[in-house]
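Novice: Both chains come to you apart, so use the hints to assemble them.
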Amino acid sequence: MKEFIKNQTVTYNLMSFTAYKALLFFSMLTEGPKSADEIINFFLNHPYLHEKISSDTIRVYINSLKRIGCEIIRVRGEDKISRYVIADHPFNLKLDEEQIKSITKIYRLLVKNIDVKELYSLELFFEKIGAYIKNDDFVAEIKKISMLKDTDKSLLKTLIECCENKEQIVISYNSPASGVKNIEILADKLEINNGKIYLCGVGFEYKQYAKFVLNRIKELVMIKAEKTIPEIPNTIKVQYELKGIKPELDEYDKVLSKNSDVYLIERETSNAFLTRQKLLEYGSNCTVIAPKEFRDEFVQLLKDMKAEYYCG
Amino acid sequence: MDRNYNLKYNDSCIKLFEFIKMLYDGDVELNAVINMLSEGGHFNKARTHVTLNKYLNAMKIFGIDIKKVNGKYKMLSSLYKFDFDANDIKSINILTNFLDFLSDGKHKNNLKSFLRNLEIRFDENARYLMAEYQGRSGFFPAELLEKVKLCAQYCSAKRKLEIVFESDGEEINLLCSPLEYFYEHNDVYLRVLGNNGSRIYEIPSGKIIRVQQLHSTASRQAIATTVVYKIKNRLAKNYNLRDWEVLEGIDADGCKIIVNKNEDFNQLLHRLMRYGKECEIISPKFIKEEMINMITKTLDNYKT
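Top to bottom, those sequences are chains A and B. Following numbering that gives the first Met the number 0 from start to finish, the first sequence increments by one per residue and tops out at 311. Following numbering that gives the first Met the number 0 from start to finish, the second sequence increments by one per residue and tops out at 303.
Calculated directly from the structure, the hints in this document are not laboratory data. Glycine residues also receive a C-beta, built at the ideal position from the N, C-alpha and C atoms.
Derived DEER-like restraints, expressed as beta-carbon distance ranges:
id, chain 1, residue 1, chain 2, residue 2, range
1, A, Q299, B, R241, 25 to 31 Å
2, A, S153, B, K111, 32 to 38 Å
3, B, E183, A, P175, 27 to 33 Å
Bound-form chain B, shown alone (with noise of 0.2 Å):
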């Protein structure tokens, strides 16, 4: 110790913060801790493990909740706690029930961790609190789980699909790349490419009749066709952009015009013959006149 008490510090406590500082960053090694107890020379190697078992009995007794799993010391609760209420629990549980909604990847284990961090900072209240969310049902259908776990492995293969599905009463054959999938509206849907690359579908898994893995590789190279339409009247004044939607201008009328990348065509069609005369689209000709087809198709329901 330094004979300067303004500077003096205590080794052991310092040894002991390095070793929590190593449980917040994940698991930990009985090695790793070791090798970490012994720098410096200030333990006797021999009498390492000793201390360390004082040190662990210390920390559980403080509260510190630390199990060793398969060789590596893992914490359970931390140094500190959160203060969280039934709003926060309420939230943390919407959050853990959507992770099964999401595909594979960076994003979903960044959330994993992020959950991870917060469960052991629960105080008991908390913990509680999450027992007892724990036996209610989910926010989201777990019935459609099975359907999740099918759009995952098709995205994972990275393989071609030919999918039949069922679109406005008709049974479609698209021979497509699979993009991802997600979840929305009580339905899980499959994000997909079309052949020519022009073109992205998203397939109610609902709608799905049946699929077949084709062995050629999938294509992610997409040219997405671009669609422009005019919003008009009172609509122009409320209408609220999507993500994918840019606000290309607004002409001498007051209307706005759109232009909407990468929404699925089928989609759009039946949003925007939401808006009836408010809205039209001016672009590119094919969806125009597929937008036609649909007014048409509906007026002859009409036909005596």
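In isolation and in its complexed conformation, chain A is listed as follows (with noise of 0.2 Å):
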């Protein structure tokens, strides 16, 4: 081998000639297919071999292949000449039940900690995977657990560039309340929440923060040359105190101040219902300050909470 190193030549008491050829044949069958007259000129300029092969040598090598469980067709061509090909072979990558069935568990959890960006990779990866290992289960099982499964993956793919590009453009979005209608957002990021996907940015029509669900999408009707919304619309700034609890903070939220474990916070959002599901969410934990309209419709809401639990 240090010989082989050193010289870049190789000797009948270096390797075994027949397992380097039929590794070469191997290997010459699944890049794909071949005539005679190719493999023979390719064993005829080998840096290696310089060796002129038969016809029966050929067909020696392919019929051992086949022995080791290699499917090899003949295909045909354009030109009339016959070449060979593998179109199986017993070294693929293989799956069973057990591996799919851990693997689709572990995306499952894994899909809860990743954000689209990656969630989208993953998916193109195992389509990837499914056809290596030629296994329908496998990519059957993954599109089951899929978040993507009802998604249109090119309009994914531009929305995410869009989203990067903080484009101006027009979905066209079936929305629950009111149909299939035109909106005009500034799109700035995509986001994974309680197993959906939302396409979130500052919408034409009400000038605030507002999330879309990804597969109420139709399509992308158009991206505008120029941007004409504002990127900060018209915002309120909430001023809200978390006790005893860490607060989980996006980039609209700012820390004031902390004292103890009492944090004072301001979160500027043009979204007036999505800032109360998320203080809603931290229950006693959270008190609003300010502003005092906001405050009053905060109560007013828990008060009908409670209501609802005894006239309901």
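Specialist: And the structure:
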């Protein structure tokens, strides 16, 4: 081997020529269809072998490959020349039922911890693996649990790019309240929440930050050349206090002060509904401080929630 | 060799690929490969070692990387390669990083084996991209790995625990049996079964104040309490069922009646709070009362 590394020449003492040729045959025929002449030329011009092989030798190697489990088929191209190709072989990556179960279970756990871009990458990766292993069950199992099973992946890819470039776009959206309509938004981000993917951005109509369920987006109608929606729409600043709990802050939250385990936070938002949801989830750990109007509405909502249990 | 050219094959070729098959299945003992090569009397046993070396050299020159580790042959690169691009390598890295956050067991082992099988099929480009990722920080917070180890140790010991943890600003002292741990929303959660077997708790590791392992054996027999709630109005149209939720029916007003099994009650209550007036707990009574308490306590924050 040292001699080979030094001189790049092979000898019968160094390696098995039969083994080496068998590997080359396998490699050639898995790459794509090869005719007898192409195979003969390959070996004749090979830097280590320079060997003229016969048609009988080709047949012997093909028989040997078949014997170890390779599926070799003959195809005839437009030039009418017959070529050999390995359609399947025993060294393919295989996944048994148990392994498929494990991978789908882990994937299910994983999607709760990754962003939409990573999710998109993983979906493409699993599709590729599915094609490599030639196992329809694997692809079907992944599809069954996939958050993207009803999603147009090319639309998703474009929306990811739109969010990265903060594009002003028009989407055709199937709203549960008002049916299909065009909505113009300044795309901000895609997020996963409670098993659904949302496109988030500032809506043109209400000039407020909103979330749109991805699977309700029928198509991307247009990417506007110029941005006309103000990046910061009409916002309100909601101040709230969190006690005895670690805040889950996003880019719209700012900690104004921290005293022991009490945080005073200001959230700048254009969507009171989404903010209300977030603050409600904190339960009694959260007190809305200001503005008065938002605080009053919040208290009224809590009273209404309580009333539902007694009068509902 | 057979005299009929249509059936003639090369025995050395068969033996070589048999050896490669063995390598794909796992590490190969020297004796196992020597025995395989000697089978059928085609090889003189005394010369089998020489033959094996020649095979190994042919494979190395071809590009199959094989190393002998602790007396076993290990295939480091495959007979053929997959065409992995940067996107695939990123996905493989996400899966590899996630391994550290998985409970020990068959699922983790199966993923490990899947990733190993992919790695041996890497081409030069994939190896280069993979090496680039290894210099970067992982996809998940490394500082949580110590907590993962602790949770793994509690689960594998299969002994009851006395856990003191913080929930909504209060210290809770809980006797419980550890079930499993999982990573979610940037934290590691310890899933435990309350001592009476009817309540599941998912405790964020960051909230655990102290843990004491008891001598008694942990129980895994859960008689889980189910929670039934109504999802109303607009939310009913958009509500996405979780894996642990079942839609029991839709009432005359279009409200969805949902049965929930095994979700941590505290997390469930906080999640349902989020839905405001559009959700109402139906049963059991004690969970309904806990919800009313949570709303009342929140309202108390505004008493002047």
